[in-house]
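I would like the entire structure built from these sequences, with the hints used as guidance.
If you want the building blocks of each chain, they are given just below.
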Amino acid sequence: MADLIRSIAGHYNYWMFVILMMTGLFIVVSRGNLIKKIAGLNIFQTSVFLFYISMGKVTGGTAPVNTGRAGEVYSNPLPHVLILTAIVVGIATTAVGLALAVRIKESYGSIEEDVIEDMHRTERPA
Amino acid sequence: MIAGATAGFIAKHLPVLVVLVPLMAAPACLITGNRHATWAIATLASWTSFALTVALFIRVAGQGPLSYSLGGWAAPFGIEYRADALNAFILPLIAGIASFALPYARGSIGRDVEPRQQNLFYSALLLCLAGLLGVTITGDVFNIFVFLEISSLASYVLVAAGGGRDRRAFKAAFDYLIMGTIGASFFVIGIGFLYMATGTLNIADLAHRLATAPADRTVRMAYGFILVGIGLKLAMMPLHQWLPNAYSYAPPAVTAFLAATATKVSLYVLIRFLYTVFGLDDPFEAQTLKLLVMPLGIIGIFAASTVAIFQNDIRRMFAWSSIAQAGYMLTGIALMTPQGLAASLVNIVNHGLTKGALFMAVGMLTLATGTSRLSDLRGIGRTMPWTMAAILAGGLGLIGVPLTAGFISKWALVSAALDAGQWWLAGAVLLSSLLALGYVWRIVETACFGKADETRVIEPVPLAMVIPAWGLLAVSLYAGVQPALIMEGANAAARSLLPHLTGVGG
Amino acid sequence: MIMTLIDLALILALLATAVMMIRLRNLFAMVMLAGVFSLLSASLFVALDAVDVAFTEAAVGGGISTVLMLGALALTARHEAPIRRNQLVPLGVTIATGAALLYGTADLPLFGDPAAPVHTHVAPYYLATAPKEIGIDNFVTAILASYRGFDTLGETMVVFTAGVAVLFLLRSARRSRGEVSGPRDDAPDARSGKV
Amino acid sequence: MTDHIALPLSILIPLIIGLFVHMFGDRPNQRDAVSLIGGIVTFIMVGWLLPEVMAGARPSASLFEMLPNVSLAFRVEPLGLMFALIASGLWVLTTLYAIGYMRANGETDQTRFYLFFAIAISSAIGIAFSANLLTLFIFYEALTLSTYPLVAHKGTDEARKGARTYLVILLGTSICFLLPAIIWTYGATGTLDFEPGGIVRGHLPPAFAPLLLALFAFGIGKAALMPFHRWLPAAMVAPTPVSALLHAVAVVKAGVFTMLKVGVYIFGTDYLAETGASVWLVWLAGFTILAASIIAMTKDDLKARLAYSTVSQLSYVTLGMALAVQSGVMGGAMQIAMHALGKITLFMCAGGIYVATHKTKVSELDGLGRRMPFTFAAFAIGALSIIGIPPTGGAWSKFYLMLATLDAHQQVLLIVLMASSLLNVIYLLSIPARAFFLPEAGTALRGFGTLKEAPLLCVLPPCLTAIGTIVLFFHADRIYWLIALIPTAGGHF
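Top to bottom, those sequences are chains A, F, U and R.
Counting in the numbering used here, the first sequence runs without a single skipped number right up to 685 at its last residue.
Counting in the numbering used here, the second sequence runs without a single skipped number right up to 571 at its last residue.
Counting in the numbering used here, the third sequence runs without a single skipped number right up to 323 at its last residue.
Counting in the numbering used here, the fourth sequence runs without a single skipped number right up to 751 at its last residue.
I should point out that these hints are in silico values taken from the structure, not numbers from a laboratory.
You may find that some hints are simply not true.
[To be verified] Straight-line C-alpha distance at most 27 Å; calculated BS3-like pairs for lysine-lysine:
#, chain 1, residue 1, chain 2, residue 2
1, R, Lys-617, R, Lys-412
2, R, Lys-557, R, Lys-412
3, R, Lys-419, F, Lys-516
4, R, Lys-412, R, Lys-619
5, R, Lys-557, F, Lys-516
6, R, Lys-619, R, Lys-557
[To be verified] Okay, the calculated bits of chain R under chain F, using three or more residues with CB under 8 Å as the criterion:
#, stretch
7, 267-273
8, 319-326
A quick note: this is a predicted structure, and the numbers were derived from the prediction, not measured.
Backbone N, C-alpha and C fix where the C-beta goes; we use that ideal spot for every residue, glycine too.
Next up, the structure:
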């Protein structure tokens, strides 16, 4: 029983992040609005970042900035480094996605996937 | 004296120069602005990069794996570039295709991209190339992600460059972006799990630590998410939906380049993870390959080839053919034998060359006639016999007719299947060739024996397109008659990945 | 204990925000919520000792991203059209992926466990040597700038790529002239061959 | 590289001729002259090799290594030389005939026709001279692909449909059966060379021998073994010269030639005899012989009837190989030569009839013999040779094959052969018989009051080949001495 509680206490935030991730993923795959898809993608990616950062956490540790005190426990800095990079990659993707959405709006007059697909159907098939 | 010093510098930094040359040429393109100068810089960079990859291949073949610590920080603490028999074999393909695609782009890109945008286009092409090369050569899993995203972002915009002519390119690029980003995120989740299980990001270190650690759910999840993530990027059935549109609406030069390199690099990453990192000792990993990836590969071959037969658009037809061909490569990988792996590697290179040439030839046809719809191309073989001959030669390669590179691939895969005692697989591979015959012959019949449209206007095709297309085709045909180099390279790579299994046959 | 509670509260707030974002059809409000989501996650990053990440997320996720989204909304649409598509397949895909992930978490090292492989391999080396070798007290900055400096170069190139991409997509002359597909204004200048 | 210049030249010259044909595309006279001269030169080149091979030399050439131990290589041995002689020799006559036929019929795209014709001949000679299975396979596929445009020549829906059947069956069988058979052989033995006595002995468990043989037998679709024979009648949509040369000589003979090569040089007749691996093939070949003859009887379309006759006659060669005795191989080899000459005569006559009368049905030919005596006389002689009645060459091959059934103790097959000959008599000889002896059908020939023979170039070649069949009866020893050099164990008789 104690093991179970320990396991739950030790894993619950991973589970929460998984649920968050899935919320984002659900928006991406279920919604037809292109902007909303990108917002969903952002939620998905941010949840992945949270997942990474929580694996770097050490109980009782402090932020990984050298305090000079001997025996100080620091949280793991490496996931932080990775996620800093990943955040920038994420915003780059968002920017490109939004730029594409703008061009799609200009060409089709809509950013709704369903509307665009209707147009494709009526156009001469490739 | 100076030459000697330069040579020494190049030799010392060879692995990183391969990537840095195109990476740094990209900003140079942007700054230069003039489209002719930009093109010259881009072409020069890709050729230089190609020469460097060839040098690297020779060096690795002669002296064994080469490790380069970036910034001088030793692995696993710093990022390592590591060239071994496997990636040194793939790198020349990527840079080589780029070397053909850039001259080709000069002839064709005017149709899709306006002059003052062309420096941006060439920048993006170089970034894509640099990203793909970086993914292939790096020995650090997170670095793979970073360079994968460079190449992916660049390839989204390259696909969107076709939007000047057909707005559907924008939507195709957007879908590609969504699918690609989901794939990349899955990949990141996967390497997160791996990092949690081992505490390292270096491939060699990962392999070492995973070999001794018991395989638990964490590692298995890492395996699953990396498989799906990379599967999305390489258009493994049923994760292929982005590909047909992306290949159909991108500018011809882009389709030729991406079809020959992007999915191939993803396959490389898959091989690297399966064989180097995971090692497939865990029954779960092996069974997944055998019971999931191989059937998916075979279903992909048959389903995608069948869909290809019913396409009216030639580019879309060959895009579906690419999905089918990825199935062959996955099947070889899933055989888990040195022969199967070698067959996949041979296939990666041979199909890259053939499909690159094929998309270039189709691009010429499209440019000259203004259409790629088969129903509008009846009898075109009489007006453009040489272009049709190039398409036919490439198509025969897809079927696997002797003296083409595709025949060698098929031979290697069937040998591997027979060697592994998988009779049904050998049969399926050969039977599926008939489907390839089906779609290639639809083109031949329509183009050569159909009634020609007398009113058709044929625009001249620039030599800048003709020469690279035929050059690449010649390379692919040469690979069909002189397969020894590619086969030996593939065998060496397969042997290096599966050292505990011996007896690699031809 | 108090940290755990803060942790939990933040996570629940994140979840609530995300669920509201699914439901909102007003895109403007959704973008605002996305900004809230970023700021909440930045707070969570602080609680998890990742202060550098928190700053970046607040600036990039909460700031730049929101601005970009708003800009895109101004150029596209403010409202999401009613949903016409089947929601069951996406739900199935999502649940399957989530179930796989939840299954995978069972063997993960416990949250905060200092004995986890993550904390015993490679990372201790940074903590031990970075102050001496690099001379920067912030370990994250030290690693970012040195040990994994090449990732940072890659990151810069990602931003550059995105810049090229956005410029390419939005600086088109055809756009400003309002044409969707104009005539060829650049004939191939190479000599033509017989084909 | 090569120890006899005639070897590479005999493969290259047709290709060079093809190039010239393409260049002279807009000047029909020069183009046709080039074709004809090319045929003659090629025939001389192949003939140049004959004395050396008779003297025991085996000229060979090797280009480059494609797989470890397997090169793109050529080696002239008696069986291949015989095939090459027939193919190139009959190319000359067929070209003559084609010039007459194509012009008389006003066919379009004649340049493409002669171009691919030349490529096909080059491929056939390549098959004949292949030193190993891979080289043979390459030329085998080249032959299929280069004859596709010939079959689809007319470009009509019917022609395209027939050509599609042709291509799918020939490429399909070769890719799905022949290729795995070759890969299996290579995997088991490490070589693909044609060696006297075969290469599989000791590398292949006897239990697997029938399976491998089956892959070969069905993979060599050009041998038209049932049930993969449909392509041959389908190919009859082609212009008659194509049917004459390719579907009486080059393509189909390439099939049975490959069958013999595999039997003799890959398995070895001794190995087949010891393991009994080919017994099933004996029966299948026997079945095909009878079944195809019976179908031929039901066909009213002349070319279709000839096509099914070919299906039947090809299985004689397969049967000769499958019997796994020396007399069988001899008979099979002789059948390649004799049937080629006989059947090309029949096809050229059929074409001549079409040119003159535009008739394609057997039932419409009543009484025509008196108006076209040369054509129908040649037809009758060709038919005699197919049936195997002296004084025509076909008698010899039939004789050896019957002997072989006895040598192999397969008396039932002797009866099959006799029954088939009887059927041949009925469905082949009935044609000239009707033409000569039945009264002209008034309605069918209305409007053809002044009908005469076809143009000279359509009549002369079949007459020459018909005479050839008779000459071969008296000079069969020439062929005998050549094919007696085929190394089968069991000694001469």
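Taking the hints in turn, this is what the structure says about them:
no.	hint	verdict
1	R:Lys-617 <-> R:Lys-412	holds, 18 Å
2	R:Lys-557 <-> R:Lys-412	holds, 23 Å
3	R:Lys-419 <-> F:Lys-516	holds, 15 Å
4	R:Lys-412 <-> R:Lys-619	holds, 20 Å
5	R:Lys-557 <-> F:Lys-516	violated, 32 Å
6	R:Lys-619 <-> R:Lys-557	holds, 9 Å
7	267-273	violated (count 0)
8	319-326	holds (count 5)
In this structure, the hints that do not hold are numbers 5 and 7, in rising order.
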